[in-house]
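Undergrad: Work out the full structure: start from the sequences and follow the hints.
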Amino acid sequence: MSLYPAFARPRDLGQAAEIMGSLSTGAMIIAGGQELMPSVNYGALMPEVYIDVGQIAALKGISEEAGAIQIGSFTVHRDVQNNDLIQSKLPLLSYAAAQIGGGMQVHNRGTIGGNIVAMHPLYDILPSLLALGAEVDVLSDVGEVRVALADLMKDARHGLGSESLLVRVHLKPMMPGAGWSYEKLKITAGGYGSANAAAIVTLDSSKITSLRVVVGAVSALPVDMSDTLSDCCGQAWSAHLAEEVEARSSAEIKEPLSDHQGDGEWRRAMAGVMARGAIEAAIKKAG
Amino acid sequence: MGEQTSETEGYVGRSVRTIEGRGPVMGKATYTNDISFPGQLHAHILRSPHAAANIKSIDTSGAEKVAGVVRVVTGAEAAKYIDPIPHYIDPAVFGGRSATIRCLALDHVWCFGQPVAVVVAEDKRTARYAVSRITVDYEVTTPVIDVEDALKDGAPMVVPGWDANMIMEVPFGSGDVEQAFSSADRVIKTDVKVHRFSTQPIETRTYNGVYDAGTDSITLHGTVQNPHPLRNVLSKILRMPENKIRVHAPVIGGAFGMKMHGHPEEGMVCFLSKLIGQPVKWVEDREECLLIGAREQVHSVELAVTKDGMILGLRDHYLANTGAPSSCPGWGMAFLTGLTMPGPYSVQNVDVQLSAVVTNKPGWNASRGYGKEVTALALELSVDNAARELGIDPVDMRMKNFIKKDQFPYDSPTGLIYDSGDYAGVMQKAMDAIGYDEWKTKQEEALKEGRYIGIGVGFELTPEGGTLPGTLVGGYDSSTVRVAPDGSVRVLTGVTTPGSGNPTGIAQIVADELGVRLDTIEVVQGDTTSCPYGFGNSSGRSTIVGGGSAAKAAVEVREKIIKVAAALMEVDESSVTMKEGVIASGDKIIDLEEVCYACYTRAYDVGSVIEPPLEATAMFKPGLVRHTPNEKGQINPYPSYSNAAYVAISEVDVNTGVVKLLKFSVAHDCGKVINPILVEGQACGAIMFGIGAALAENITFDENGRQLTKSLMDYVMPRIGDVPSITLTHHDSPNPVNYKGLKGAGEAGVGGSAAAIVNSVNNALSPFGVMMTETPLTAPRVWSAIQAAKKAQPQRKVA
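One line per chain: the protein sequences are A and B, in this order. What the first sequence shows, in my numbering, is residues -6 to 280, in sequence order. What the second sequence shows, in my numbering, is residues 16 to 814, in sequence order.
Where hints are given, some of them may not hold.
[Unchecked claim] Below, computed lysine to aspartate or glutamate pairings styled on DMTMM-like, alpha-carbon distance capped at 25 Å:
no.: 1; chain 1: B; residue 1: Lys95; chain 2: B; residue 2: Glu79
no.: 2; chain 1: B; residue 1: Lys420; chain 2: B; residue 2: Asp447
no.: 3; chain 1: B; residue 1: Lys208; chain 2: A; residue 2: Asp252
no.: 4; chain 1: B; residue 1: Lys139; chain 2: A; residue 2: Glu41
no.: 5; chain 1: B; residue 1: Lys463; chain 2: A; residue 2: Glu236
Simulated from the structure, these hints should not be mistaken for laboratory data.
TA: Rendered as structure tokens:
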């Protein structure tokens, strides 16, 4: 805690790694500031050093290389929404980024990296990234490593944002013909979502051939339902299957959140409603 | 003298643009927090983290060591210099229990968030940081959170020394209730639980105390609705005479009752400024703003009815959880809920009793509707429940029981005297505006597709312009109209605006009465040193009494101008007209400025027919108020009774419980409409409040009485995306005792619109037999009710 924080602005990844390695706890990376600054203004956080990564070119840009799409962690939500490459090859991600709350200002400032690092259960991007099987590059003073986002997301004490830096996100393009959907349940226009689900479905005639479903905002971390629901593959969607998907998805939520967005019992039930709704909507788009 | 302004001419009745709106819209308005002075210091308050505790010791040394800290003050030190905060409405005046309220707690805290100590520093951040370095040794005691717990035998006392957790119990009503209930075909009971919700102005409270040693006087710049009454309160706290205190209320960013005074911080910044000798500012943060509660009431409404829906009698013994004692006027809301029973309904056998309970939750302050919105919720939900039980149409039941338009002035069983109204006409207009019958057809069709559309109505009677004997809640007000030598007009008035546009309404009235152009008028409010004595803004009063008094003053000044104009033109006074700044007699025309200049400069020749300057102060005191109790001991604190009917169309997603509003209509009667667009803006704003109340806004606590609702992400107010299209119509029945028949516009509508929404949801879910009478109807609650109903009974057809 300090009343008089210092400010560091590394010019490249090397400088960033060096600064992070040389500082004790209390240093915080600031990118778009949409997560950090409200906490500072509220008095919940008082960083001793702000490390502004806004000047590092390596954190910016969206590109395609060797059949994979890379998104720099400093990419703002608005660019994720509007980028041609993402719109054509990762339409689920582009759509999910458009569902982020807070309005135009947040879309123009908030970054994909910040959204991941915050690991906020009610944020919008993680379920889609997990459904898409994202990988991320993480830089620390010992070097850069690539990890599956799902592995990183297992523990909130990931050290990102103070001890290490999220550099970029790697994603494989969605399969042509895959249906996708991101469903978000909001009680009011101004609040956080109470439950959401991202789904990617492929069909062979009417039978499901692959299914990815991740449910968010109902527990501390997004819940990947894909394994639980894997036996949907080979079946055609039906009222019976829909009910089963809903019930099994709800049952998968062991420790539902209970907060201003709704109590635990309802959140658990909504996990099922969202999973079912997302799959249904994805199936309609598939083919 | 002069011609009367006809209905179609002049400014009154027209939707003119606000004259005071330009600054805020341009981002150029000077709000309280924009005002700073050389040597400006900033205060941050240490608040109790406990709902109930004894303070054993406070160690401020850690805070005092922080560079930039000027002073740290505890309750014990403050008590040496200042006195407790007088109550805005002292319960003792009405026979209730009155607690001693201090700016800073002495040795005991009775709610979460109560101020315990304050740090004054050179900047805000330092003050906030230093507060975290204060150590308080609390001995935590068991709090009482719910009204039921507060009333149990052996319950801990919220206020040490009291023998009950009760401000007062008040019976309302008269008639032969026993007879009404025994002769009724049915008695239908509805438990209505209204939750804690408040108002959240975007500009939070801000106060800047500035002591002037040269004159030993204090100026408080602040977010204040009632500057003159606050000056009296400050004089008691600060032990200074009122003539040494100035209260200045700059442009305000929303008030809604929350900025009525009694808050600890008002006196605190003044005292700190005097103690230190430099200006001290405090800006409330959102978490602090959310500590101010209102409206948490438990009603048990029993209606004695005939088979065909006539209401013969009403009983409602209700409990209000007013939280810990406060000097703010919030607790009086609970009183008004009972006084306004049975609202628009012609029921004379009434037994209503208020229990105003204290608990260890934070206290209340006034909130738009001032308890009358809860009356509407309790009544309107009960009537719908009764109509369903009786199998009759809820609108028919209301029409059958409304007071008829030829029954006014109407003596209510609680002692109120309703001035005028046409409740059935208002209801019919609201239904026509939305296409009530077409929606019934749409509802049936939707149900066939498995969609649940509901139609709900609500009615709200909103007494306005209230005045309570023995308090500085005044019924009258005063204004000064000044015309300068250049002909420009300044109106100084004792009423203030909460941002609702009343300065424009007052200017429209003055423009017509005086006969000048609207753009030559400046309205000055909110300054005890420049404005005539007044009671500020509350209870929909500002245009009624501010406009009424300004009109009277304008007429006096106009007479002077006409006299001098006649002398200058050498014509007879009776031939002179004055309209929109043009003074004429036959084909002679004279410039307003020339006449005004002559009034000031030619006092010894043509101007000698008048007494300069061109200035008059007048007072307007509405009729109908009765402060002398009648034979039943009842008073009527209100001169006018605005009213409105609301129709809500909603659709419920039965899988999630989410309620979506499809359409809304309102017909309202605020008497003569001075400026339709302003009145409509206020009415739409009230509906926004109603939507928030019915569906989302909720202040919650943990089991230890610690408040969980801390930000606008927790306390979710409706956004424009939540608001359906609203059709608004006017149905005016002028108040016979007020200037231009005004009844007050701006406060009304929170309860009536919330009730219409709740009723629409219940209507949508009638196929399940769902009847929810506990607010808010959040998606989880609606979903739970559907689940419970599905378990209890197989699905049945819509009623």
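Undergrad: Hint by hint, say whether it matches the structure.
TA: Cross-check of the supplied hints:
1. B/Lys95 - B/Glu79: OK: B/Lys95 and B/Glu79 at ~20 Å, within 25 Å.
2. B/Lys420 - B/Asp447: The given pair, whose Cα atoms are some 19 Å apart, holds under the 25 Å limit.
3. B/Lys208 - A/Asp252: holds, 21 Å
4. B/Lys139 - A/Glu41: With Cα atoms ~18 Å apart, B/Lys139 and A/Glu41 stay inside 25 Å; holds.
5. B/Lys463 - A/Glu236: Roughly 21 Å between the alpha carbons, so the hint for B/Lys463 and A/Glu236 holds.
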